[in-house]
Each structure stands twice: as C-alpha cells, then as structure tokens.
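Asks: What follows is each chain in one-letter form.
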Amino acid sequence: MVADPPLLLMRGIVKQFPGVRALDGVDLEVRRGEVHCLLGQNGAGKSTLIKILAGAHQPDEGVITLDGEEVRLVTPTAAIKLGVSTIYQELDLVDGLSVAENIFLGHEPGRLGFIRQSDANRATRDLMTRLGHPEIRPTTEVGRLSPAAKQVVSMARALSHDTRLIIMDEPSAALAHDEVANLFRIVRELTAQGVAVVYISHRLEEIREIGDRVTVLKDGRTVAVGLPAKETPTSEVVSLMTGRTVEYVFPPRRTEPATGPEVLRVEGLTVPGVVADVSFVVRAGEIVGLAGLVGSGRSEIIEAVYGARRSSGKIVLEGRPVRRGTADTVRRGMGLAPEERKAQALLLDQSVAHNITLAGLGRYARFGWIDRRREAAEARTLIETLDIRPGDPDRPVKTLSGGNQQKAVLARWLVDDRKLLLLDEPTRGVDVGARAELYAVIRKLADQGIGVLLVSSEVPEVLGLADRVLVVREGRIIHQSAADDLDEHQVLDMIMEGSAL
Amino acid sequence: MTEARGPKAHERSPAGAEPVDPARPADQTPAEASGTPSAGGHPQAETPDAPPADEHLRVESQARKPAASQGPLARFGQARHLGLVAALVLLAIVGLITQPDSFATASNLVNILSLASTIGVITVGMTFVIIGGGIDLSVGALMALASVWATTLATQSYGPFVMILCALLVGAGAGLVNGFLISYGRMVPFIATLAMLVAARGLAQRMSDRKTQLIQQGNELIVELSTTRVLGLPVLVYIFALVVAVGWVLLNRTTFGRRTYAVGGNPEAARLAGIDVRRHTLLLYALSGLCCGIAAVLIMARTTTGSSTHGDLYELDAIAAVIIGGTLLTGGRGTIIGSILGLLIFTVITNLFILNGLNTSDQLIAKGLIIVVAVLLQRRSLESRT
Ligand SMILES: Nc1ncnc2c1ncn2[C@@H]1O[C@H](COP(=O)(O)OP(=O)(O)OP(=O)(O)O)[C@@H](O)[C@H]1O
Ligand SMILES: [Mg+2]
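Protein chains in written order, with the numbering used here: chain A, 7 to 507; chain B, 6 to 391.
For the record, the hints were derived by calculation from the structure and aren't laboratory data.
Careful: at least some of the hints might be erroneous.
Unchecked claim - Heads up, simulated DMTMM-like pairs for lysine to aspartate or glutamate below, C-alpha to C-alpha not over 25 Å straight-line:
(1) A/K236 / A/E40
(2) A/K348 / B/D281
(3) A/K450 / A/D491
(4) A/K425 / B/D281
(5) A/K348 / A/D393
(6) A/K320 / B/D281
(7) A/K404 / B/E273
(8) A/K425 / B/E273
(9) A/K348 / B/E273
Isolated chain A, as found in the complex (with noise of 0.2 Å):
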C-alpha cells in the first residue's frame, strides 16, 4: 500500500544519559498525514525520542530518514528548517515576552534585524483564531496566562513554522475537556493537509479517538509498532507498556456521608475578578472535587485556601480562622500539589530527595538541625511508594520524566502529619498504572482522617476518586452533591452550559 518511503524513519535510536540509558534502539516511522501515537510508561523514552526528533538531544547512535533522505538533526534550528517543529512537554515559553514575540522567537517578521511587529500581531491573531481562540491576544504577557492559554500559545509557535511533522508531547496534559475536541480539529486539520502527527498521551481514550497508528516504548526499547489505534484493545496497549495487567480502578471510596469534624469550612470567598462568593465545607476523612472548565475559577479558589492568594471572605481551619500567607497555613496543616510542577513546586537542580522533603523539613529537624538518615529514610519510602523511577534520592530531579517529576511534587506532601490535602491536577503526566497507586495512597490518607480538595480536568477523575462533587463554574459554584448521584455527561453539561440539574 505504500509505495513512497515514509515521511519519518528512525532506526535503532539509542540515547545515553550519565546513569540511564534512556533509549537503547528505537525504531519508529511514521507516514504522511497519519497521526502516530507514541505511547509508554513514565520514564520510558517517549520525551528523550522526540526531543532526539526536535534536534534538542543528539542521539549516540541510529539513523534519521525524512522523506527518504537521511538527515543530522543537530540543532532545533535544523529540525525545523527541516519541517519538524514541536510542542514539548514542559512549557518554554518565556514568561517576560508577549504572545506573539514568543510565537515568533527566532523567526521574527521582519528585515535587516528590525522586527516589524504589527505582522506578528496580526500573524498571532490569525492562529489564535484558528485554535480558537481570539481572546489570547498577542501583545499579552504570557507570565500572566493560564497554563491552559499557555498550551495554545506553544501550540500556535508549532503551527507557525511551515511543518510536514508536528510533535506534540502531552499536548493535552494542560487542557480541559473541551479544549482538547479544540485540539483535535487542529489536528484533523493538520493531518488532513498531508501534515503527520506525533502524538504522547497518557489518556488511552484520546488515542483511540485521534489516533491512526500507535507505537509502544518501554524501558527505552520498542516493543511494538505500527498498531492500529482504533482496533488495538485496551488492554493489551496497557499490557505492552507496563508488562502487567493494570485495572484503571479507583480505590473503594466511603459509602456514608462523612460525619467526621469539619476540617475546612469557607464562607464567602472572593478573589476580584474570578472567584465570587464561594461557601462549602470539607470534613475530616473527605474527598471533595471541584470540577469545572481550566479557567472557571478552581485553582483560584484553592490557592486561595491556601493562603497563596489574596482574597476576601472567611476561611476556618480546624474551627480556627486562617491568616493569609502560606507559611502560617502549611504550620497549620495544609498542602498543596500546584498546576505547574516546574514552574511552582520543583526546584530542578536539586535532588529527588530534597524536593520531596522539602515543605516537611521541620519534621526531621530538631532546633534546625536536619536529621539527614531520618530525612533520608523517609524520602525512600516515599519514592517507593510511589514508584519514582529512577529510584535513586540522589538524582537532580530535573533529569527524571515529567510523569516521575510529578510523582515528585505529589510525594511531598502525601505524608500524614497534614489535616487538608489541596491537589490541582495531581495526575497531569502520570502514566495508568502509576495512576491507580496513587488514587490508592490519596484514599488510605483521607481514611486515616485527611480531608482532600482535588481539582482535575478529567471529570471521570474527579468522579471516581471524590466523595462529593462541587461543580464550578465562571467562579461561583453552580452544584453540589455526592458523587455517586452524578454522571460524567450530567457533570460535563452542567461545566458547560451551567445547566443545574
């Protein structure tokens, strides 16, 4: 069926990091105007291949083909010349620059060095619309956008590059529901113009949505490739990438009410502009999601509860009212998991170990003085809990996959001497069978009393591992109920449209 070469042929890639062999011979090829998923557990090379792709990494050994002639893809610059440009997993985009001089870093419109910005501005505005949306516009700051707006902003950089090759690493990560049906028209798009499509996700359902052929990593080898994506069962995507069955199950949740003590209750809490007059409650041993669009006001409102934010109105924990700042809250049990792990709650050149202990410190110290085998046997533990791999406490966490850096930020405050857990998008990046651990862990601790505030994109998340559900939306909450009385399109509908039961 395909006579003419295929626009992308990698070959017995291999990738060595100092310690880890990230790729050890991949194989990949993808055609024209197909979208190829890539899919792998946390830490299995996905990254690594298409950063070795973007010209970012040089590989130790294999041959690239584009379009049958066999390339050096030595710098980003090159790989782009060359057609493939790419959206990665971790934002970078500079955060002082506006929107349209991030989209044309490198390539601005312009001659003779002179910059003639009301081209980029109006180039930005086609591509905003053509992702859908206008409202970003170009001479915005992106420090002060979304993470959300942030994906389109890299996306739209992708677009304005003339590709026969898109990558895309976890593009969907940062979006919500109807972002990513956003996403895939752009896409449908693409692929329809005879552009290919590199696609990483986590999200198995999106793969069989999108998806043409899939190709299967693990532990930096190719264990299969050239699966049909619509046909391929589940479970033996699954079973290929983890070598192991995983049950996408979550933990057995309380089947009463909670009666227990009211950890956190809130009156009235307005943030100017986003949140407005938002009252609930979250008791001891609960589980409460907050569901609702990226934007609608749910990292908002946790922040707030936090004390990371200011806002009016009356947060009580513990039946004590809360000072602003996080210091006091966090002395007084809080802790929160932020959206953007690299930008919020990562310190890169540290060590794994160092990360994770971090907001605890005060509890292996005695007078200030670290008690480091203590501080150390804790981080173990915690990194095996949760599978971080690699495993070693020593590692700078910046040289880990996203999923495992993820893990990271989660495991530094999964520990029990905290009263309310607040988790923005705990499992952004994290892989299936990772997954179904750590809703383990977030259940055993609310169990033994924690009460738990989670925000998540994915409404079946929040449906499966909530006990109760508060429905948010343009920053007001518009529904609460128990979980089990709601489902997923009720839910979606209700984000949506503001259609109350």
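Let chain A serve as the given structure and place chain B with the ligands on it in line with the hints.
Replies: Showing chain B with the ligands alone in chain A's frame:
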C-alpha cells in the same frame, strides 16, 4: 462499608481486586502476572514482543551503578572543586619556581591566610546571599562603618568587648536594613545594597571625620587577635576557620540552609511549600551584615585602626570569589568550600604579584581573566553533565 468501583461498568473490577501492586515480584513475566487470579479475569494474549517485566530493573540497576560510587566523599570533591584545587596547586608551583626563597616560608603563608581571613568571612555571608538569589554590594562599606563605629572614642571607652559587640551589631543592623528594603520594601537587591554601600561609606566618613582612628591603649586585646599565635597561626585565622565551619554546617545541615537553596532556586515553589520567603530573605542579608561586622573586628586587629577607607572594593573580590567557586549568580546552587577556594586563588595571586614585584594593574587584569576562565570552565562542566 466500602465497595470498589470505577467510573464505568466495564472498567470495574471485582471487589477486593488488588489495584496495581508495585511490590509484585519483578521476575514474573507479563503472562504470569495476568494469570494471577485477582487480576480482573482478562485472559491476556501473550505478546511475543513484550520484554519480561524485569526490564525496568535492568534500566534502574544501570542507573544506580554510577550513583553508588558517588559517595558523600566523591560528591564533596566534585569535578569543579577538584579544578579549583588544581588551580591553587598550580599557583603554588608558580610561586615555588619564581620565588623559591620567599613564597613557601611560614611568614608568607601566614600572611596569605591573614589577608584571606577578612574577605573570607565576608565571602561566607555573600555565598548565602547569592545562593538565596540576591546580591550584597554593601559588604565593604558595612565593614568600614562597623570598624569606624567600634573605634570611636566613645565606644573605645567601654573596652574591647563592647567594641567587638558594637562592630557585630552595626554590621547585623545595617544588614537588617538591607533585608527590610529588599524583602518587605520589594526593592531590587542590587539597588538596595548599592544605596547602602554609598550611604554607609558616607556615614563612616562623617563619624570618623575622614580620619583613621587608632585603637587606644587598654584595648590591645583586639590587636592581639592578629599578634597572638596558636600553633604558629594568628588567632584571626582561627576565627576565619570557625566562621567557615559554622557557615558550612548552617548551609548543609540545617533547615535554614536547605531553605536558602529553595528560596534562591525557585522562590514561588518555596513560597508554595510554606517557606516564609520574605523573612528568609531578610535573615540572609542580616547574616551577611553580621559577617561584615566580624570582618571589621579582624581588620581592626590587623591594621590596629578603624577607618572609612577600609574594605574598598571588597564587594567585588567577595562576589568574584563566590562566582569562581561555582555558585550560580541566579541563585539556588553553590557551596561554601568553592567560595573559599575561589578566594584563596585570588589571595595567592595577589601575593605572587607582590612577591614578584609586579604591577598592580597587571594583577587586576590577571584577576579579570581568571573570573572569565573559571566561569567558562564551569559552563562546560555543567553542560557535559546534563
Ligand atoms: N537530561 C537527562 N539526564 C539524565 N537522565 C535523563 C535526562 N532526561 C531524561 N532522562 C532519563 O531518561 C529516561 C526517559 O525519560 P523520558 O523523559 O524520555 O520519559 P517519558 O517517556 O517522556 O516519560 P513521561 O511519560 O513521564 O513524560 C528516564 O529514566 C529519565 O530519568
Ligand atoms: Mg515525557
């Protein structure tokens, strides 16, 4: 009381089904794993391509190997420190060759260490500030101010202990002012400490009327810090060593040190981890000020004077030493040992130039080159590591 459920019926597994068990023996093949009775009853088609489940162990054991050989000692002497030590050895060899009679003498080595002590103490404080993401330009001026304040006739009338206390308090107090301006006044560190540099020098000139203030009779105890020798070394060298040791412990063994790295490396992450970033920043500058106070005592001991001209351009030497020592100017990474080695390199160069009777201008050029080379080398070693 509880039941197992999933969001959709077909994803549901029977109650009591174990979710994923990370502790499952790794030597099971996928086929065996799927054959366990509790795994939800999907008979799994064997996939010939799939490697055995112990694959990840292979990758991990590879990952562990080099890490295991990296004990604390190996880490202590990491490549960049070895480079600094090598540079120091090289300079010593140059000294031995060019000045065989005077370089390796006890008096010259004592001289080098005494010189290094004053700036060394300041460098320790500077290392903290820079790792914490800031910079302190006012150190030289603060030292001068502290030395002048401690040697005014009024202060001297209370005796040497009050003089020392006065120097420490003036240093720490001015450091606190820096800290307040930066953390609560939200001023850029560069600007706040630049203002302090100018103002502190001015105040020192005013208090001393631009005159050099001698340490009076009866207060010789301070001078004795440089004249009394223990095991051949003046007491002030021991004070320097003590400050370095305390600084090292504070940075590497306490919550304060750990939080300093966090505040400098990613202030937003530090804040969201419950660290009071502002208070911490305040303390960092106070610490730097305190070090200036200690340095003032040392310089009073060495010169027997307090003067508004003490410590001119010390801030540049201290910052250069910290940078040569491998601390990132953007914060979040660095070591005390590196800074001290950087400082020793600088001091030995100065010494070599003086011994060889060379021009001080050439000395400055040499120092400039060294900063550039050191930073370039560090960049290379950083890149090769990632
Ligand atoms: N710069 C680096 N230095 C050292 N090791 C690295 C580096 N980058 C990645 N690795 C290692 O290479 C392996 C593959 O990582 P990679 O980021 O490709 O995984 P991934 O498949 O994208 O995972 P995820 O789904 O979590 O994003 C991991 O073990 C990771 O720790
Ligand atoms: Mg990745």
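Asks: Does each hint hold? Answer for all of them.
Replies: Structure-based check of each hint:
1. A/K236 / A/E40: 13 Å, holds
2. A/K348 / B/D281: It holds: about 20 Å lies between the C-alpha atoms, which stays within 25 Å.
3. A/K450 / A/D491: With Cα atoms ~23 Å apart, A/K450 and A/D491 stay inside 25 Å; holds.
4. A/K425 / B/D281: With Cα atoms ~20 Å apart, A/K425 and B/D281 stay inside 25 Å; holds.
5. A/K348 / A/D393: 20 Å, holds
6. A/K320 / B/D281: 22 Å, holds
7. A/K404 / B/E273: Status holds; Cα separation ~17 Å.
8. A/K425 / B/E273: Holds, at roughly 23 Å.
9. A/K348 / B/E273: Status holds; Cα separation ~10 Å.
Of the numbered hints given earlier, the model fails none.
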